[in-house]
Amino acid sequence: GQNIDQPTEMTATEGAIVQINCTYQTSGFNGLFWYQQHAGEAPTFLSYNVLDGLEEKGRFSSFLSRSKGYSYLLLKELQMKDSASYLCAVRDDYKLSFGAGTTVTVRA
Amino acid sequence: ETGVTQSPTHLIKTRGQQVTLRCSSQSGHNTVSWYQQALGQGPQFIFQYYREEENGRGNFPPRFSGLQFPNYSSELNVNALELDDSALYLCASSPVAGGTTGELFFGEGSRLTVL
Numbered sequence: 001g002q003n004i005d006q007p008t009e010m011t012a013t014e015g016a017i018v019q020i021n022c023t024y025q026t027s028g029f030n031g032l033f034w035y036q037q038h039a040g041e042a043p044t045f046l047s048y049n050v051l052d053g054l055e056e057k058g059r060f061s062s063f064l065s066r067s068k069g070y071s072y073l074l075l076k077e078l079q080m081k082d083s084a085s086y087l088c089a090v091r092d093d094y095k096l097s098f099g100a101g102t103t104v105t106v107r108a
Numbered sequence: 109e110t111g112v113t114q115s116p117t118h119l120i121k122t123r124g125q126q127v128t129l130r131c132s133s134q135s136g137h138n139t140v141s142w143y144q145q146a147l148g149q150g151p152q153f154i155f156q157y158y159r160e161e162e163n164g165r166g167n168f169p170p171r172f173s174g175l176q177f178p179n180y181s182s183e184l185n186v187n188a189l190e191l192d193d194s195a196l197y198l199c200a201s202s203p204v205a206g207g208t209t210g211e212l213f214f215g216e217g218s219r220l221t222v223l
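So the sequences go chain by chain: A and B.
Our numbering applies: residue 1 is where the first sequence begins, and numbers increase by one.
Our numbering applies: residue 109 is where the second sequence begins, and numbers increase by one.
To be clear, the hints were calculated from the coordinates, so they are not data collected in a lab.
Since the model is a prediction, treat every value here as computed from it, not as a measurement.
Every residue, glycine too, gets a C-beta built ideally from N, C-alpha and C.
It is possible that part of the hints are untrue.
As the list claims (entries may be wrong) - Okay, derived cross-link-like pairs now, SDA-like style, lysine to any residue, Cα gap no bigger than 20 Å in a straight line: (1) K68(A) - L51(A); (2) K57(A) - S27(A); (3) K57(A) - E211(B); (4) K68(A) - S27(A); (5) K81(A) - E216(B); (6) K76(A) - F45(A); (7) K57(A) - N21(A); (8) K68(A) - V50(A); (9) K57(A) - F213(B).
Stated by the list, open to error - Some, not all, of what chain B presents toward chain A, calculated at C-beta under 7 Å: (10) Q149; (11) P151; (12) F153.
Given the sequences, and given the hints that come with them, work out the whole structure.
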């Protein structure tokens, strides 16, 4: 089975940094994804990690430790538009298994 | 814009009825997956189609069925609707059964309400 855990909610101030943690226990592993989902909209791809280490993409970075079953998404220089749900997902052979999502609220 | 389009965007049905949701995948993508997202939850995998054949299924009963057409568009059919079927249904396409990263490109979803 698949078990993917992430915090339910986080709040941060505009311009700050927020780190969203994700732990997983899955029957197969073929990569970890982070998606952003604004209310009422489709999830959009943010990052992909398949090897241990840090992947940086502008203001967003994602880290993976396969031995610990752990990942985090780092959002830097927060902007109001970053207020959204952030979904951690693990890929096995053919599907993504998602966590419940972390709602990030950015305050002025 | 992901190039994945779904219809209808919103619909209301009553318990026991049947519903068909439609999806046009991004050009060049031959794999389509369907996910159910209940309010406040992450998407749950329903099934995947590759070259018109179902090649993976999640923990959903047989009253959830699908089709993929030669142009790679897809349908999700749900029979004997139950109140718990109320959710956002997301279609996602990807190139060549996952491509190099397995990234999925999601449509905007169909919001189904069952009364």
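Quick rundown of the hints versus the structure:
no.	hint	verdict
1	K68(A) - L51(A)	holds (13 Å)
2	K57(A) - S27(A)	violated (29 Å)
3	K57(A) - E211(B)	holds (16 Å)
4	K68(A) - S27(A)	holds (14 Å)
5	K81(A) - E216(B)	holds (18 Å)
6	K76(A) - F45(A)	holds (17 Å)
7	K57(A) - N21(A)	holds (17 Å)
8	K68(A) - V50(A)	holds (14 Å)
9	K57(A) - F213(B)	holds (18 Å)
10	Q149	holds (5 Å)
11	P151	holds (5 Å)
12	F153	holds (4 Å)
Hint compliance for this structure: hint 2 alone is broken.
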